[in-house]
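Using the sequences and the hints given, assemble the complete structure.
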Amino acid sequence: MTNNITFKIGDHVIMKKNHACGANEWVITRDGVDIKIKCVNCGHEIMMDRLEFKKKVKGVISEKSKKD
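In terms of the numbering used here, the sequence shown is numbered consecutively and its last residue is 122.
No wet-lab data here; the hints were simulated from the structure.
It should be emphasised that the depicted structure is a prediction, and the values quoted were computed from it without experimental measurement.
20 Å max Cα-Cα, derived EDC-like pairs, lysine to aspartate or glutamate:
#1 62 / 103
#2 110 / 65
#3 110 / 99
#4 62 / 99
#5 112 / 65
#6 110 / 88
#7 108 / 85
#8 109 / 88
#9 112 / 88
#10 108 / 79
#11 92 / 79
#12 109 / 85
#13 90 / 79
#14 112 / 99
#15 109 / 65
#16 92 / 65
#17 70 / 99
#18 92 / 106
#19 62 / 79
#20 110 / 85
#21 71 / 106
#22 70 / 103
#23 62 / 85
#24 70 / 88
#25 112 / 79
#26 70 / 106
#27 90 / 106
#28 108 / 65
#29 90 / 103
#30 62 / 106
#31 92 / 103
#32 62 / 88
#33 109 / 79
#34 90 / 65
#35 109 / 99
#36 112 / 85
#37 71 / 103
#38 110 / 79
#39 108 / 88
#40 71 / 99
Right under this line is the structure:
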């Protein structure tokens with residue numbers, strides 16, 4: 055099963071589980087073999103490998119769609 059979702063720096067993503075602060079929206083701050091995401095609500099940053107990230111992400115909200 056392949057996941058064809060593409061990620062860019064600045065994209066907002068929704069994770070399957072909520073963060074401890076109650077939010078589940080994060081922004082991507084680093085993209086590579088590892089992906090670094092920052093909680094939109096509290097600013098906490100987490101770095102995880104791409105495979106783990108793809109398992110935990112629920113959906114992507116691109117910056118372009120948020121501005122419209």
